[in-house]
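Residue numbers (this note's numbering), protein chains in the order written: chain E, 1 to 633; chain D, 1 to 454; chain H, 1 to 489; chain U, 1 to 178; chain Z, 1 to 103.
Don't read these hints as lab results, they were simulated from the structure.
Given the structure is predicted, the values throughout are model-derived calculations rather than measurements.
It cannot be assumed that every hint is accurate.
Unchecked claim - Cβ pair distances, simulated, as ranges:
(1) H/Glu154 - D/Trp389: 39 to 49 Å
(2) E/Gly337 - H/Pro441: 21 to 31 Å
(3) H/Glu271 - D/Ala253: 47 to 57 Å
(4) U/Ala126 - D/Arg50: 40 to 50 Å
(5) H/Asp478 - E/Ser179: 22 to 32 Å
(6) H/Pro441 - E/Arg281: 43 to 53 Å
(7) D/Leu5 - U/Val56: 24 to 34 Å
Claimed, not checked - Sample of chain E residues lacking proximity to chain Z, with all beta carbon distances greater than 10 Å (derived):
(8) Trp145
(9) Ala355
(10) Gly426
(11) Trp429
(12) Val476
(13) His495
(14) Leu607
(15) Ile608
A virtual CB, placed ideally from N, CA and C, is assigned to each residue, including glycine.
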Amino acid sequence: MSAVVLPILPPLLAAMAVLILRRAGPVLALAGATLSLGGSLWLLARVADGHTETLLLPGLPEMPLRLVAAPMAALLAVAVATVGTFVLIHAVGYMRQESHLPRFYGVMSLFLAAMQALVLAGDWVGLLAAWELIGLCSYLLIGFWFQRPEAADAASRAFLYTRSADLGLYIAVFMLIGSAGTSEIAASLEADGGASTAAGLLLLLAAMGKSAQVPLQDWLMRAMAGPTPVSALLHSATLVAAGAILLIRTAPLLTPETLFAVGLVGGLTTVAAGVIALAERDLKRLLAASTASQYGLMLIAVGAGVPLAALLHLLAHAAIKSALFLAAGDFQHARGGTGFDRLGGIGRARPRVFAGFALSALALAGIPPLSGFFSKDAVIAAALISPGAAWLAPLALTGTLLTGAYLARALRLLWQGSGNTRPVAGSAWMMVGLWALVAPAVALGLAFGPIEAMLDLASAEAEGTGAVLLGLLAAVGGLTLGWLVPAPRLLGPVHPWACRGLAIGGGLTAWVGRPAMAIARGCEYMEVLLHAAVLNMGRGGLAMARLVRSNDERRLYPAVLHIGQANLAMARLVKSGDERRIDGLIFALVAGVRSLGNRARALQSGLIHRELAISATVTAVGLVALFITLLRF
Amino acid sequence: MGRDLALLIPEIAVLLTAVGALIAEMLRRPRSALTVAIMGLLVATGLTLRLIGTETTVFGASFRIDMLSVWAKLILLPATVLAMLLARVDVRGTVREGTVYSLLCLATLGALVLAGAGDTMFLVLGTLLTGLATFALVAYPDTDPATEAAMKFFVFASVTTAVMIFGLSYWFGATGSTLLTDLSRVDAAPIAVIVGLVAVLVGLGYKASLVPFHFWAPDAYEGGPLSIAAYLSVVPKVGALFALAQVVRDLPADSGWPTAIAVLAVLTMTYGYLAALVQDNVVRLLAYSSIAQSGYFLLGIVAVGSSTLALPSIIVFAAAYAAMNLGAFAIVASAGRTLGEFGGLGRAQPLMGIAMVIFLLSLVGIPPLAGFVGKFLLFAASIEAQFTWLAVVAIANSVLSLAVYLRIVVPMYKTTEKVVRAPDTWSGTVTLTAFAATFIIGLAAQFMLAGSVG
Amino acid sequence: MLPLVSITLFLPLAGAALILALPRPAARTVHGIGIVTAALTLAGAMAMWLRGVNGTGFSQVEELQWIPAIGAAYRVGVDGISLPLVLLSAILFLVAFLFASSLRERPRAFVALALLLETTAIGTFTALDGILFYVFFEVSLVSMYFMIAGWGHEERQRAALMFFLYTLLGSLPLLLAILGLYLGSPESGFDMRAWIANPPLEGTAAMWALIAMLITFAVKIPAVPLHTWLPAAHVQAPTVGSVILAGIMLKFGTYGLVRFALQMTPEAFREAGVVILVFGVISALYGAFAALAQTDLKRLVAYTSVNHMGYVIVGVAAAALTLDPSVRAVALDGAVLQMFSHGLVTGALFFLVGMIQDRAHSREMGEFGGLLKTVPLLGWSFVLAAFASLGLPGLAHFPAEFQIFLAALGSAPAAVVVILGIAIIAGTFLKALREAFLGEPRQYRHAMPDMSVRELLAVAPLLVLTVATGVAPSWVLDIIHRTTSALVL
Amino acid sequence: MYAQAFFVAAFGLAAIGFGVAVFRTSSMVRSALALLFSQTAVGCMFLAMQTEFLGVLQIMMMATEMSIMTIFMVMFMMDPGGLGGMDMSHQKRFSIGAGLSAAGAAIAVALLADWGPITAEAPDAAMQTRELGIEMLGRSMLIFETAAVTILTAMIAATAVAIPAHTLADNGNKEVSE
Amino acid sequence: MITVLLLALVTGAILFGVGVYGALSQTNLVMIMMGVELILAGALVNLVAFWRFLHPESYSGQMFVLVVMTVMALEMAVGFGVAIARFRAKGSVEMEEAGDLKG
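In isolation and in its complexed conformation, chain E is listed as follows:
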């Protein structure tokens, strides 16, 4: 057993144990997460020198599953484990009042395990598997309160959005395996020429789904229907991060066109999601929109060709966003909801939580010397030096500005006003979780130097100064604007639209869901048609039968004599449009054949001379036919 499994195995075992034992959820889950954290730290220590550890597991024939611990993977594993551990600690407090806890802790652990597997996956099959599994886990977690219709809807929507986008990953993976001839990720990264533009765009599609990029951002906001620790985990280091991680890992494969597309999507998202966040009336939804916006920034960095910047921002964001959510969870318990109308003055009611929240918010806005400052600085620097700087740099800066604005707005709304604050049970656990995450949110910037050194990736230090200045300006400007100017005024005419999540013509549901259902209904109609086709075959038989039956006893007999009557009968057949209705598919056929049978039966008149006449006629016809064949030869 290689050390590679250490981050994965403990939460996996914990998940199984919890789901099977159905007790001791918190203990086991925490143990799993902690061990995972320890394991990933140890792993990081082992691979910090740049070498990789690989573990082969039996998978598909000639496509073994591999787990590869490279420095970046190990680093991400640490991040995942850290966030996971502290979110779980927070959850112990947050979820105290809930029932069905084994399910919660089991799935959370499984979620961690899957994310670790995704991070450490060294082959496409494993990556894809982990990718889908975190989708499943998020479905189960968002839908934890499945009795609530909005939770059930949100879960279904989240899974469906991400899964549809996953098709891109599927096809991209097939193309990459096909071109590299192996399912190993490293091999396809090293392959000459990289992936085609198509594969790159498909990867982007998958990432857009998971990272909630425009126009697939809708599900993320709705996913707030789940428990808040779930949102914390989801948004910071797991589900949503997966998209960005995928692009960071595959960045060497991407062609310039693809990179530009990545950057553009990121840029548009960061602005659009920023606008949405500015208009949100709910804290958690605001944070969700903010997540999309921040991942947009990361995509800008990837698109600019500096995945390192994206990675740094990812790490910083992981700590910051989880902290923000955990604080929001605390507020939620204190006020029974996360709408800003309920949260007025909460900052003053729970100052210690609010302090954590504010610190994290400032970090996210990019105020030095908090971690977000350094990472955002790297992103803006990257945007400035990229070939598409004309597009990406303004978008990145606008995003930063908006980040400041909505965070300031949130801080203002939380600070001002008043409301009834309830005592929060399990507050101690929650506080531990929160502050344990606020700490890295504040201080992670210090670690960026060693990380850069360890990863040995190109950074964008050249334009450093300008970027720092511009970034700082945007952040401060944003904060100021957000604090001073109410959102409707700031957004002007865009505000109502932003309140609807910038949905274009009813949103993605209308654009994809309805056509799909229409096709489905079309297929159902098609089924009816198919049945009708069989029915018509039967009707044909029936019509033939009717032709026969209409010649009843008396008429049949002359028909044998005058074959010319057949024409008349044919005409009648055409005219007889009002077929008797038969409610059966093949039974119509049977009925038709039965009528033919009745016709056949009518020949059997019981009167020997008529029967003999038929025999004689057929014999004569046969004789003539045989003569004719004779003449032909």
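Given the structure of chain E, go ahead and fit chains D, H, U and Z onto it with the hints provided.
Coordinates of chains D, H, U and Z only, in the frame set by chain E:
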């Protein structure tokens, strides 16, 4: 002459059995008439066994002792025994008992004469012999339906036989001989050959109840006693079809006989099943089904001369057909004549139900039952003879046949509170024998095929 | 050497004979015999599994003269394509007997019929003789007809008749094809091994034979547009019947597609490959969309079968179209594994739907809600099975579908549109879960107890195997791959 | 030769004429007599074609047969004397058509077929009879015997149907059927 | 000589035609039997003519004539048997009155 007679011992034994049964009748010992008849027929069957593999002719090639005629004996003699056991139920205690057994033996003798015919006169005499005996068998209950059936049967038979004789006179004119083998060397008057062919198709077609010469069959089956219907559906029919095979063996193919027979096959199969589909009377239903089954035989006859499988396929199917059809009639004998009387049969008498289902599925041609093996070989033969389209039509008809037979099966398993009497000993014996045969022929066809196919 | 294949094959038949031979047995006895027989059969299948297969050709072949005159013989044996299906049959029948053990309506006939079905199923997969194959293929039809007609739901007679007519109509062309192969083979025999080693037909004859076979197998699979019997038959069939029908009998079609169409007329199959591929793609997508439109749970599952079987067709067609042996192996690996997985997953789904119907006497999604709350064990089992069916990694369908799509992209890139199916099926199941299982629990007129031990015993093994196959597919794939990698077309 | 042609034609015309007359009269007895004459004319044709034995046989057999038929006529026909003048036929037009086409087809065959060389001289009567005897007891013996069995069957069958079952039953003091 | 053969054959053909007409048109069993007799008479004329003018050396032709005569007699005999039975059961041998069995 001595050799020739030695080869004819089974036929002679059948004749003696007929006479023996008649004598027992005259002595007013009907019970022993049955014993004599059954023993005699079984002895005749046993005497035939040593002839397996013989390929020869007797009396100046006018009668053939070959695969067809030997197997005709091995199939038809036991089939007659079974029919006799069924007839026992109908005639027990009546004054006609011995006569009926005797006539059954004579009619079977006629079928055997047909099956071994090597001369046109045997076609005439065989048709007449079976005909005369079976008219009486149909008519003997002396009721309105029975006599009506017999009268129609008689009219149809006499007209078609007369037409056949008239047509056969041209064959004599064309070849100067009445031997079938001489047909192969005719080249002078193909028109005459065609007229003769059509005439033979009329005459043997009536006997084998091929469409459009089948009209007598449903009436005769329905009007006459059930046992006779069972008998008529098997013995004379198989005899006539074997005779047809004997005839076409020597016919030049350019007379168009394969096509003519293929067309008849299509008509017969399709019409038979179509008409069967709308019957409510099980006897009539089985009558039409047996008409359709004759059409399947024609698949093998079409291939005579061009496929080595042709004769074996006809023989195997004949054996299968005899077993499953007699079995089905035996069930009808105990259950009743209308579909209504079959309601709930499967639940009230499970074993009878299973047997009936097996017989009907075998008639459809579901493996691994006898009917499947027979039809399988028939299809193979016709495909080998380049009549793939015919096999396709036959297969389509098999689907139709399924609908026909399911009409009996479906009500059998409906829940109805109904008392169904258990079968009596005789029809029970027949059912059991036919049931065993349906399975054995399906699984052990190799004994029938041994040595006959390369 | 013990003739394991024959023993496994005829054990159920012997069990059926035993049941019929007992005079008036109690229902318990009958079910006991059924379960024991099925368990022994499973043991036999597992022993066969342990013996394994060779790389090339067939293994564990047992041969006996039958009709030497026409070259038909009793020949049975397995390879990597059939062995997983044999194992699947043995497993599914065992759990089916467990599930049916509460049946009190004519149990004797039911169990005997089901045992007969088991023999025919295993026989269809192991037969190496054309006639023997056809015999088993057909007898299974008859037994299934009686099962639907005897123990089905309201409209059972109709559905049974439709099923029977459709599939018999479908199976007869196969008979023609078998005859064609027989007459075309130089030594005039029914040995399928010879037919595979030296395909007897070529040119137009091969194409006609292929068309005949395709009709048969398309009805059986069922492929659009010959699938209309399937929903009707499933809806009316008893639960065990549905499980066997979907879990095993649909595989007759896909198995035949590989064994007969692909292996015996490879040239023609390659020529027609694109058409078959298109049919597969249409089937898969059509099935998925039709499933999406359903409101009846059982019909929904039935249509997903059309979808999943469509993937198998795509896989087989991809195998025929590619020239690269490794891609072909991937395609066939995927196709065969898909058959195996589908048996497990759809079997479980039909069991679960059957349980719901047993309780609520309805299958309409709209009449349920919050089932996860009402019957948690059943509900979560359904969730697991549903996610398996929509191809989630770690569950049985993922490795199979992955390989199929991979190979499809490799041999005919355009065919990869079929992948849309997995998104649609995801939507289908999410919708069903959302309506029936999530949300606020409803009040039901009937008692809604959770799964009983009997029901758990029936479903749990399937779910465990679903996970096992998904997590570590190699235990099945090793066997499959040994054959597919050595396959020469 | 011309004489032969004349006699064949004359008797043939007679046979046809009487044959038609069978169905033209409404009296059953007259029909039977017409058939008798027709068959006799056929017998005479045999004689004209130098087939004495068969000709004589035909005339004798048919005379007997037709006498019996006449008796049956009287027994079974509704109106044996034909006094009512009622029509005893149906589907007349079709039957006429069928009869004409049948005759036409047969004539066409007779005229169109290539019958090969004609033998002018017939064997003399004694020779014929002897040869027929040899044929009958040699190659055709089995046919002859089968004909005999057929006659036996006809006797059994005719008695079986003609004598009512209950008569026998009464005589034999047996259980009555039914 | 060919004319004599043809004369005989044409006679046979016409007798056949008349017989067919009779068999198809008559309502009475006995009259139908008369039609059959005429058909057979036609066959007899054919056979004798063929024997006489084409194959006088082949006596199986004459044998055939004998067989056909037997057929005529036997059919008549059994036909009357059937007629008697029918008359006893129904009081008539009219074919039009025998239409109970059908379908």
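Comparing the hints with the structure gives:
| no. | hint | result |
| --- | --- | --- |
| 1 | H/Glu154 - D/Trp389: 39 to 49 Å | holds (41 Å) |
| 2 | E/Gly337 - H/Pro441: 21 to 31 Å | holds (24 Å) |
| 3 | H/Glu271 - D/Ala253: 47 to 57 Å | violated (35 Å) |
| 4 | U/Ala126 - D/Arg50: 40 to 50 Å | holds (45 Å) |
| 5 | H/Asp478 - E/Ser179: 22 to 32 Å | holds (27 Å) |
| 6 | H/Pro441 - E/Arg281: 43 to 53 Å | violated (31 Å) |
| 7 | D/Leu5 - U/Val56: 24 to 34 Å | holds (33 Å) |
| 8 | Trp145 | holds (70 Å) |
| 9 | Ala355 | holds (99 Å) |
| 10 | Gly426 | holds (87 Å) |
| 11 | Trp429 | holds (89 Å) |
| 12 | Val476 | holds (101 Å) |
| 13 | His495 | holds (84 Å) |
| 14 | Leu607 | violated (5 Å) |
| 15 | Ile608 | violated (5 Å) |
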